Amino acid sequence: MGQTLAEQILSHAAGRAVYANDLVVVQPDVVMSHDSLSPSIIKVMKSELGCERVKDPNQLVIVLDHVSPASTVGTANQQNEVRKFAQEQGIRLFDVGRGICHQVLVEERIAAPGKIVLGSDSHSTSYGAVGAFGSGMGSTDVALVWATGRTWLRVPETIRVAVNGRFPVGVEAKDLALKICQVLTIAGGNYAAVEYHGLDWLSLPERQTIASMAVEVGAKVGIFPPFGEAMADRPAPDWLFVDPQANYVRTIQIDLGSLQPQVALPHAVDNVVDLDKIAGKPVSVVFLGTCTNGRYEDMRLAADILRGKHISPNLRLLVTPASNRELARASADDTLIILLEAGATLISPGCGPCMGRHNGTLGDEDVCLSTANRNFKGRMGAPTSQIYLASPAVAAATALTGCITDPRSL
Amino acid sequence: MARIWKFGSDVDTDQMVPGRFAPYMRPDADVGTAAFIEARPDFNQNARPGDLIVAEYNFGCGSSREYAVEALKRRQVGAIFAYSFARIFFRNALNLGIPLLVAPEVVANMQEGDEVTLDLPNQQLIRGAQRFALPEFPEFARLILQEGGIVPYVKKYGRFPGEERA
Ligand code: SF4
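If you read the protein sequences in the order shown, they are chains A and B. Residues in the first sequence are numbered consecutively from 0, following numbering that gives the first Met the number 0. Residues in the second sequence are numbered consecutively from 0, following numbering that gives the first Met the number 0.
None of these hints come from the bench; they were simulated from the model. Being a predicted model, the structure only gives us computed values, none of them experimental. Where hints are given, some of them may not hold.
[To be verified] DSS-like mimics (lysine-lysine), calculated; alpha carbons at most 27 Å apart, straight line:
{"no.": "1", "chain 1": "B", "residue 1": "Lys72", "chain 2": "A", "residue 2": "Lys376"}
{"no.": "2", "chain 1": "B", "residue 1": "Lys155", "chain 2": "A", "residue 2": "Lys45"}
{"no.": "3", "chain 1": "A", "residue 1": "Lys83", "chain 2": "A", "residue 2": "Lys45"}
{"no.": "4", "chain 1": "B", "residue 1": "Lys5", "chain 2": "A", "residue 2": "Lys376"}
{"no.": "5", "chain 1": "B", "residue 1": "Lys155", "chain 2": "B", "residue 2": "Lys72"}
With the hints as constraints, model all of the structure from the sequences given.
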């Protein structure tokens, strides 16, 4: 019987052939947790499980990114507690300023093809960009892996996203990610794996944008076959391949040739329309960043649009690089200086205002055009604020004019 | 008697507890006090222990934040009924021992504010003279709930449900 990528990876880990709906207990290769939840994971492991030492520190990674750097005495104290814990236990820790967990694990090649990479964060589907089985879990599940080295997983059935063609000018990976949300809907991939086909030509950052948003259709993982030029220096294990006999529960076809810039309207990620339906909507904040679109390539796209110009006086442009490496790349050429001269506010690498905690929290009346992955009510601050999701090019065009703008119209 | 709190589809965990109200941001506060604090202030203020949530599709989508489930647990929500649950929420709730039931008949019949009695051992929900049969939990879920959550389960058996004895 043929196997999907998810089935192959879980079979390899379980040491037997498993298929959709089987339950497996596996040792994940990597378990990531971040500052937002590590304090409660420590608590569950120590007070509830009564366990003082993690089973295998080499399996674990901690990234401090969600409030980076600390914004209150409380977050500062908890970060210190996590630093101390990591040091005592011998766990690798990437401190504030290094970047968003999902970016850091890909940069550091901790997430790699064929590996099981679990995280205390729903956007752990991002690791599918490099052909890993990346999935999010809650604190108790993560604490159990810390204590036992193992976890249970149900093998997901797989939805195949078959893509034809190439992006037209002004249309990018984010538009495809949003289109997939519209077609599959917010619950359409619940419990399932999503596999992306026809995209071997896609760059790594583009794959990261799309895989990060797999969870927005409810998916457990969103996996790219780890092949193509972007993966040339990240070789797949020889047992991992696209099996023509694999069984998919559903296939959706998307033709890039006819794809327009997309916008997700408040307050749902699948409330997606072609940009022209909402063009002209005034916004007060543009947010360029997050694990979905905070990389050098995203800042570069924005800089190409903003070069020699200034943002609208009616809004703020917040730029949060996904990592310090991406920031360094943007400052190695003229990307960063163009953004700053255009009036951008630079925030330290990390999650920034994505969760509304700091660095640009939205007020009651704010309307934000964001390159993030979620526009839930109140996600970035006040429950009456509004979030529209779009690509970096749309973000830059919007920053320039003050209202939602098609970059092709400039 | 337990009160029914009705919710629609795609209730995300940001609505249950906004990120700004996470334990990380308010280390000294009881996260139960943040349950639906902005999305459903009436629930936040008036839900009593044992009350039941009845939602439609995809309840608990979005962020993996277990503190959303923790908040409902602190408020002692008796059970949650829906047409379907989002994956991570389902797992978190099971882990913390909150019964989740995919019960279309209950969802279709219950009204906001109904007073009911939940009789889990006999798998029924009672409203006045009416009795609604409740579905059986999948085997692994039943085993975990029986122990009150995954932590007590693993502590008792030293393994995960369905895992071969070493
Ligand atoms: S950038 Fe936003 S979505 Fe990504 S990990 Fe951080 S908080 Fe989550």
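We went through each hint and held it up to the structure:
no. : hint                  : in the structure
1   : B:Lys72 with A:Lys376 : 23 Å, holds
2   : B:Lys155 with A:Lys45 : 16 Å, holds
3   : A:Lys83 with A:Lys45  : 14 Å, holds
4   : B:Lys5 with A:Lys376  : 18 Å, holds
5   : B:Lys155 with B:Lys72 : 22 Å, holds
In the structure shown, no violation is registered for any of the earlier numbered hints.
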